[in-house]
Amino acid sequence: MNLNMKKTYNGPSNLVFEAWTDPQIIKKWFSPDGKWAVEVAEMNVSVGGKYRIEMRSPDNRTCGVYGEYKEIKANKKLVFTWNTEDVKETTVSVDFKDLGNKTEVSLVHDLLPSQEQVDEHTYGWKGCMENLATKVLV
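Heads up: take any position in the sequence shown, counting from 1, add 26, and you land on this note's numbering.
It is worth saying that the hints were derived from the structure and are not from the lab.
Check before you lean on any hint, since a few could be wrong.
For lysine-lysine, the following BS3-like pairs were computed, each having C-alpha atoms within a straight-line distance of at most 27 Å [said to hold, decoys possible]:
(1) 152 - 54
(2) 76 - 114
(3) 33 - 61
(4) 32 - 123
(5) 96 - 128
Modelling step: build the complete structure from the supplied sequences, incorporating the hints.
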């Protein structure tokens, strides 16, 4: 099963791409609802490179995600595996379409094992994408 979403951001594709590939910027927006804090963001943004992101909720719950970069086209595309405690070896593809002073981001999360996981990840990705618009690309 998969999920698809698109969002258009203020800013050229190089800035939006950087927000997805710079660990210090990721810490500002990578959260499902803006309340979780990214405590760890380690990223080796190269094909075969690994990433790890760990978040903590206000009530002290933790959530981690990790994976490997499979495809990178600067300012145009990222493809990486996505693993959590509950989901293993799914794939996320993020395409960046330059619209001048704006960028359209298309996200596809493939190989989710159930509708429940599609729903949970849709909630999380929508929150992340909205946070990117309101906390970084304002």
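A quick look at each hint next to the structure:
no.: 1; hint: 152 - 54; verdict: 15 Å, holds
no.: 2; hint: 76 - 114; verdict: 15 Å, holds
no.: 3; hint: 33 - 61; verdict: 21 Å, holds
no.: 4; hint: 32 - 123; verdict: 11 Å, holds
no.: 5; hint: 96 - 128; verdict: 26 Å, holds
Comparing the model with each earlier hint shows no violations; every hint is respected.
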